[in-house]
Structures are given as C-alpha cells and as structure tokens.
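Residue-level listing of the chains:
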Amino acid sequence: MNRQPIVDLSPPVSDEIRKTTCYMCACRCGINVHLKQGQVAYIEGNRDHPVNKGVLCAKGSAGIMQHLSPARLRKPLKRVGPRGSGEFTEIEWEEALTLATSWLKPLRDTAPEKLAFFTGRDQSQSFTSWWAQSYGTPNYAAHGGFCSVNMAAAGIYTMGGAFWEFGQPDWERTKLFMIFGVAEDHDSNPIKMGLGKLKERGARVIAVNPVRTGYNAIADDWLAVTPGTDGLLILALVHELFRLGKIDLDYLIRYTNAPFLVNAAEGAEKGLFLRDGTGTPLVLDRRTGKPAPWNAPGVQPDPAAEWQGHSTVLRLMAARYLDPAHAPEAVAERCGIPAGRIRAVAAEIARVAFEEEITLNQPWTDFRGQRHETMVGRPVSFHAMRGISAHSNGFQTCRALHMLQILLGSVETPGGYRFKPPYPKPPEAHPRPHAGVTPGQPLDGPHLGYPLGPEHLLINDDGSAKRIDKAFTWENPLSAHGLMHMVISNAHAGDPYKIDTLFLYMANMAWNSSMNTAQVMQMLTDTNDSGGYVIPHIIYSDSYSSEMVAFSDLVLPDTTYLERHDCISLLDRPICEPDAMADAIRWPVVEPDRDVRGFQSVLLDLGVRLGLPGMVREDGSARYRDYADYMTNHERRPGVGPLAGWRGDGTGEGRGAPNPDQIQRYIYNGGFFTSHVPHGAQFFKPWNAAYQEWIVARGLVDAPMPYLFNLYVEPLRRFQLAAEGHGERQPPEHLRDRIKQTLDPLPLWYPPFGDTLSDPAEYPLHALTQRPAAMYHSWGSQNAWLRQIHGMNPLFVPRKLWEEHGFAEGDWAWLTSPHGRIKLPVARMDALNPHTVWTWNAIGKRRGAWALDPKAPEAEKGFLLNHLISELLPEKGDGQRWSNSDPVTGQAAWFDLRVRIEKAPAHGPSEPALPPQTSPVGEGPATVCRQTGVKA
Amino acid sequence: MTALPPPSAVKLGLVIDLDTCVGCHACVVSCKGWNTENYGAPLSDTDAYGADPSGTFLNRVHSYEVTPDLGAPVTVHFPKSCLHCEDAPCVPVCPTGASYKRAEDGIVLVNEDACIGCGLCAWACPYGARELDAMAGVMKKCTLCVDRIYNDNLPEEDREPACVRTCPAGARHFGDLGDPDSDVSQLVLARGGMDLMPELGTRPVNKYLPPRPRDTLQEPPANLAALCEPTPQALTGFLGWVDRTLSRF
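As they're listed, the protein sequences go chains S and L.
With the numbering used here applied, the first sequence covers 1 to 936.
With the numbering used here applied, the second sequence covers 937 to 1185.
Treat the hints with care, as some may be off.
To be verified - Output of the computed footprint for chain L on chain S, the stretches with three or more beta carbons under 8 Å from beta carbons of chain L:
| hint | region |
| --- | --- |
| 1 | 189-196 |
| 2 | 245-253 |
| 3 | 784-798 |
Source of the hints: derived by calculation from the structure; they are not laboratory data.
Ideal placement from N, C-alpha and C gives every residue a C-beta, glycine not left out.
Make a model of the complete structure from these sequences and hints.
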C-alpha cells in the first residue's frame, strides 16, 4: 500500500476577518469577510448575526466575485455618443459634480418638481428621501411600487405591518405554515432557516403557487393555484372557517374592530363607523343592549349585533363570506384546486389553530390595564410575496390573507405571525403624503405616507396629479410607495407635466425594472422638435455597467458593497427580529481601487453644493464630512439618529446624543446592534403595555399607540363615499365605478384586469416570472460563479401544452401578449399549473452590458417577459387606456400577463434582439483562476 | 494502481436531506469559495464572462421532476458531490497513486502533486463527482473540507465542511457514519437514509434522506362535523354559534 501523502490539516484561514453586511440581495445578512494580504479572500455567514445566524446563500458566498466584477465602473462618465449607445468619456469627480449642480441648482430655484429622483434597490431610503425633501421636489420614491406595495399597504392598513421586514412566523412554535406566491428570493435565508426548523419537527408546510420550485418543492402540500385567483381561494378558506365556527371570537372582540357598528343610514356617513360625540366608534354593549364607546370601561361588545339596522363589522363579514359564491365548490374551477382539497386545507388550519393551541406561562398586561396570566396562541402562520401582490387585485388579496390570519387569532400570538420592531405601526402612526412645493425651499413634509381619505390625495384643484408618477391620485389613492414604473412614461408624455432631470440610483429602468422595456428605451432616447431629448438630463449612479448606464448623460460610479458605509436603519427598513430591535452597518472592509465614491457621500456633497438645509452649516460649509459622519451625527429627532446602538456615552439604546465612537462600536460588535424585547413584551405587541413602553423608551415611537386591527378599513370606505358623490373632493367620472368596486372596506376578489381585458380564447395562458434563489435581479449575471448556475432562462411550459404544441428539447417559441411578441427557448416542466408558463426573472441581458461577451447566453438565449407587459392596458370600450396597476395602490400588475404560445424556428437568438451597447469598461477576462496572494 | 486501505472505523461523510433541500445552491457556491482558496489549485472558470462559461465545482445541485401516474408532480433538488465510497472505484484505477482514500477517516482525496490529469478516476466514478480543472490540469473533487474539519485555526464550531456550515435550510449534516450512535447515523436510521445507486456496490458513506410523502391533504376528515359545532350554514346559523360561544366567555 502506498504511503498516504501528508495533508496540511490546519492551514491558516486568513489574516483577518472583517464583519459587515451583505448586499447581494435585500436580506441584509451578516458576513465575515476574510482578508489575506489586504485582499478579500473568502466570505461566509456571521454566526452571531440576527438575520442569518451563520448561514449564507449562494449569492452571499459569491459576493467576492461581485466585488471583483469586471463590470465595475471606474470613474465618472460623461456621455459623448447618443443616448443608449454606451459611448462615454471618463471625467474627474469635480467636473461631474459641477455638471450635476449646474443642472440641479437652477431647477431648485425655479421649479424643484422638474427633478425626479427615484431610487431602486436603495437601502438608505430614510437618507435619500430626506435629501429629496430638502431639495424640495415632490418626485421621490423607491422601487416599492413595482415590487410589493400591495403587500405592505394592505398589511399596514389592516394590522400595522405585513410580511418580511414587518414581521415573520413564530418559527420556533408554529405547527402549520402556509405560503402564497413566495419565490425563493424574499426573505431568503430566514425563510430557508425557518423551513428547516419546521421540517426538523415535522410541522406541515402548505404552498400555494402555480410553480413547484424552491420552497414550494419541499412543501408537504402544493396547491397549483391559477394566477390571480389566490384571493378567491383565501375567501373560500374564510367561508369554511365561518361555516365551521372556527374563528377566534374572543380575540376578535378584544383586539379588532369586528364589533364596531357600521352606519347603515343612507347619506355621507353610510359605511363609516357609528361614533359618539367625541368621535369614538361605538359597539353594542351586551350588558345594556345599548351602544357604548368601544373602549368604555367594562364594556362587553356584542360582535354580531344589529342595532337599529346598523350591523357590526363581523356581521357584515359573516353575511358576505358565508355567501355560497365563496363556497369551495363555487371557486374550485377558477382556482384550479378541487373543492375537497380546499375544504381539507381549511379543516387542517382550523384543527391546528384550535386544537393545538399553545399556552405560554407568561403573564402580561394589556392596554386596558387587564392582567393576563398566560399567553395563548394559535400555531398557524402565513407568508406571502409577489405572487399575490403583483396583480391588479393584489391589494385586496393581501387584505384577505391578513383577515384570515386575524380571524384565526394567530397574529401576534405564540405560534402565529409576529411583528418585528418598529412594527406594528397602524396607518395613523405613519405620515401622510406631501407634495407642497416652494422653489428654493424644502418640501412641506415627507413624500410618502398612508392617506386616510380623499383629503390626503396629492391632486390639484383641477384634479391633476402633483407627482410625476401620479401617486396618491384617484387612479391609485393608496400608492404608499410611489409608482417608479410610471415615471419615465409620464415624463416622456409630459403628463402631468414635463421634467428636466431624471436622477436614478441603482434602478435598471432601461431594462428589467421597467414594463415595456423596448419602448422605455425609445422614450429615453426620444427627441423633441428642437433636437433635444424629451427628458433633457439623466443622472445615474450605479456600481456596475448596467443597461441603464448606457442611457445616462452623467454616471456617478458607486462603490461595491465591501467598500462603503451604509446603515440599515430603524428609520428605514431595519433588520429586527420579533424578539429584538436591531440595526446594522456596512463599512469599507477594503478601500476602492478605482476612482469611485459611495453614492450617499456623493449625495451629501451635492447637497452642500446646492446649499440644502440640513446638509450645510450657517456659513455654507458641509455639516457632514461624508455618509459615515451623517450616520453618526445626524439626528432626525433630538437623540434619535440613523443608528440606534451605543448612543450617548455608549449605553444609549435608541435614544441618546451622537457618539463619535458609534461606528467603531458597531465594528467591534460584528457590524450590528441588538436590544432584546423583554419576555412579557414578546407577544400581543399592539396591545401589550410593556411592549409599548419598551418601544417608547428606545425612541421607536414617542408615545404608546395601542390600536385595534382593521378588519374593516374605514379609509377605503371614505374613497367609496366620494365615488358615490359625497364630499368636496370628487373623482373623475370614468373612475367612479372602479373606485366603488375595488376600494371596498372589506376584502373582496375581482378578476385581474389583465384577465378581463385580454380575450381568454386569444390569450389562454398566464405568464409569470420568479426570482431564483441563486440570482438577484440583473446584478448576478456579471458574477462568474452565479452565471454558471443561471446563465439563460428558458420558458417553462406545462406538460399538456408541451405535448399539444409538439415541442421537443431545444425548441424555441413565440410568446405573444396583447402588447407584443418575443422569441424564446422552451423547456418542459410538469410541476406547474396547466394554464401557466413562467421563467426566471432578469436573466436576459442586453448585448454589451455587464462586461459580458455580446455572444453570452444571457443575450442569445436569455429574455425578458417585460417586453410583453405594458404600463397601460389595452384600450377598452370607453376609449381609455387604464394603468396596468392595482387600482388601490398602483402596484405594477406584472403577474396579470396573458399570452399565447406558438412554435418558432428552432434557433436563437431570443427576440427582440436589440442592438448592443458599447461597454465603458470593456469585457471581462477569459478566465478566472484566483487564489488570494498567489499569481495565477 | 492504488490500493484501498482497510475499512476505517471512522467514516466521515454527509447526510443530505432531500425532504428539506430547497435547491438554493448555497452549498455549491460556499464550496467553490472555500476550495478556491484552499486545498490545492484554485477552482478555475474558463470563458468566465463569455458565451460558454465552464468552471470547476466540487458540488452541484441537480433538480428533477417526478411525475407519478396519479397525483401531482414533485420537484426534487438533489445536491451531489463525492460520496466517499468505501469501495471507491476511483482509487484503484489511478495510475500514479494520486487518488486515495484516507485510512483514518475514509475521506477520498486527490494528491495534486502526483495527479497527471489522465481522467481515469472520473471515468471510473459512477456518480460523476470528479471534475478535471481546465487551468490546473489536475483532478478536483470534494475533500469533505479536510482542511476545515481538523483545522486548529478555526473555532471548533466551524470545523465542519463549508457546505454544511452555510446550508440555510439545515439540509446537510456532517459526522461519523461509522459510529452507529452518532447524530448522523441516528438520523439515517430514523429517516430511512439511502445509498445512491447501491446496486453498484460502491458502498457510499454519504447518505440521502428521502422526501417525505407529499400532497396528503386531499379531502376533509370524514368526522369533520364532529370536530365542529352544529354547522352555521348561513348567517342565522352563524349568529346562533356566536351566541353560544359568547355565553361560555
């Protein structure tokens, strides 16, 4: 036998570990960055971090290749060729910032609204919105309008929070977990970790999704729902729970507006709550048989009362959802799920909720002052994402899901869904939207917020929109995240007005982040009679040579995520856990080797050049040296700043004076800060006196704000009343019927607009995209490792359709929507709803982008469904072209898409085959073979 | 020609839970990252940004569909790397002795200094678990992170393969499958862990835990009525249920 070679079993791992926050997607996991000889050698998960507890996904581990990407921009770029060509000259920063200032300064002094500043996957929205507010333009938002505003807004209005950063299942205790429309992206590692825990203890997972991949593949039960019908399915489950008497009546009486009396009298108050003289909603007190304020001491509300013709919310709900129209048999065919199966799922939900009740021996005191000796929970939890929210009926479908959770009494109870600080926060605790412009002055308040009635719409006296994206108008009154997807088309059309400068950050609007991509590219390059561009100036900041770069006049190169400061702030979208408030930083674990600057520091520099309030001292000098200085020293309210940890003398949590050592303390602690919720405050958060006190002490709010869940959302009713002719502010005639139908104060289902306007015979199929687990939107294709996992994206075709069309492996197809036709490669997939085709999102690339070879499979075989989706629906009988958005929030209705498929000649490239852009950074190297510190 | 050592008492290996694996490729990339920096030549990528990128990976995830005659099709994510077979066919075929199985723990390794890149071992492996690195010209394979699991420079909790440490769903388990009392052996016992292609007689150390039965919720329980109050079929029935329930508060 040969002697075994000697293997070095204990090689040195690295010289140093620096702990920061991942940015390979939006989950914000903690990472250990191993350095050798000052270079990044290896990235792994941080075991101490609250989000990922040591694990890391494919994207996170591949971060090193993103950091070393050949597509990294190197220096500011000024356009020299026509827009879209990608022809630039490199310029110095001083020239770049002087040029930007020369465009922005005159606008601010005369018409600040002519700047539209929109950010994409921005994780500094509390900062970028502050900048935009200080500048004075009303035209600011991030990407929520085409991502998940339906989910967020429906959650806030219903119960003060939604899924993901708002809250999560009680992974330790839940016994039944049901997911709707969840792909493998959000919230990636925490959900995988949670699923692992459920699997370990044999808890049941039920997945509702047309596609059985990822989480849906490991679910115990898969319901292959037909796209757009999730709401119908949820309301059938609700029907069953009402029919079986399996709702938590005690919970509904204590914690929701179920017992509120709703005014039934005709007139301007119809459908609003009956109120006493002080404006307090009334319930019917069982002790007296008379109305009483809901919060009167000792009141015992009758949840199903009828008093003088006025019914309670719960009675209205029972009447609506017990209707046979909501029975499983009535919806089975449309949902694509047999009635018996719907009943089986409902029965299982009911069984687990009510027969596997959890009791924790943990006393707590509610906001009424009543002490409870235990915490009782119903261990059923839910999660949902874009599959239900990216439809034109998404808001109401998300509402329906939240209603289902609340009916079970599982929200904020052990085993159910749990809020994470700073949530829960009801709509009243959020700001209202603002658009008051004064040249040379800041905006009159925050851009985005939660309207409570027509009085909060951002419209002029003639009904026209104040914002370029028409957010907060009658077309989509509750557009709490803005409508980034409408900005370019509205600006191009000059409707509601023309703009001068489009300023984008980290938003690939010339490609995968726009509907109607090819036409958006035309809009960006379109010229007016005098030969100038219709949108005169475009400034863009990105780290990489994306498709959007080619359409910009001035490119401000950002750093990679390992070269920058960032704060994952409690003022924004924090990384809290149900049991802890938490925030985190990024810091430059290595310095850039290119002439690039962190965008937030650049924005502060521009702010100084523009003299923006808050960014300059009285003498005009910079208040903040850079973004790190802002993170430490900015105070949004006295004692409350971007970072919550180690304030004041280093002991302050949430509140305290700025601490010059704060960032260093974060670095010592691994890049994050946590403060744990006390045991007695961990559940029943909206009503738990100890929790309310705890968040006040930490500056998350300034006063306790207990509230009831809104099964019935009164603000929606106020818009309906306007549509019925009541009130000063009236919607345009053509929107009245739609508002009456869709802004219903109780959840309802209606067919997605795409379904009703596309001829189902001509366009019989639904078409969807999902994000894969190993690729985050357009960023991933420049990553030499990740592109070997997802280098092209076939259209997955269900078996029956595959056979009908005689497809074979390697075939190509035409896919046609009412809006356009594209050519793409097909692949068979059986575990798929039979009326649905789908593909991976944002794999397709424009030739010349991302430092890839123009013959890269991302361009030759990859494709975007975006080309088939218009931001406007086809014209209907009334001659109007309606926005392809949810009528409540304006969320882009990507998933309403209807198509037909035909066999195409069996060869590429995928079409449209758009002309290449010139790469300002060249092409990547032929080979990658790198060991840190060793020459290849 | 290399001889296999006598069977070791310690048989280090992986147990991979196909009921839990979501196919996210976290293990694939974590492996790529660690093994590019460690054990021998880096794992290279040719045409990395080009038309036909091709790189060396020691672990890959394959996805399969199983379409039964009755019932819904199932998607199975199947991570695959070297199984560290007890009768490893890749070892005896090696003409230089580069391919070997460690006597003390059963890990199958390639001594890159002695590897001539002839590819016989990859040809002999029925699992396709070896990849010849295009740049280095040597055979690469899963080392079970032999340079992590005994590494004194790592905290004790990190002395496990990179793929196990990173797996978000906890679908990968590492341990001594030669010890019947180990956690991994107990897991295999409890969940009916299986060999991959046992008919080949390679006796893999790595085990796979099969997916549990799917889609069992098809009809409501027959005794549903007994579980419930008298059914409030319509609003009046519901109001009666509310009254009865309230009377119990």
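Query raised in the report: Would you say the region 189-196 of chain S counts as covered by chain L, given the rule of at least 3 residues with C-beta under 8 Å?
Result: Three-residue rule met by the region 189-196 of chain S, so holds; n is 5.
Query raised in the report: Are there three or more residues in the region 245-253 of chain S whose C-beta lies closer than 8 Å to some C-beta of chain L?
Result: holds (count 4)
Query - Coverage claim, chain L over the region 784-798 of chain S, checked by counting residues with Cβ within 8 Å (three needed) - result: Since 7 is at least three, the answer is holds.
Going down the numbered hints, you'll see the structure goes against none, and every one checks out.
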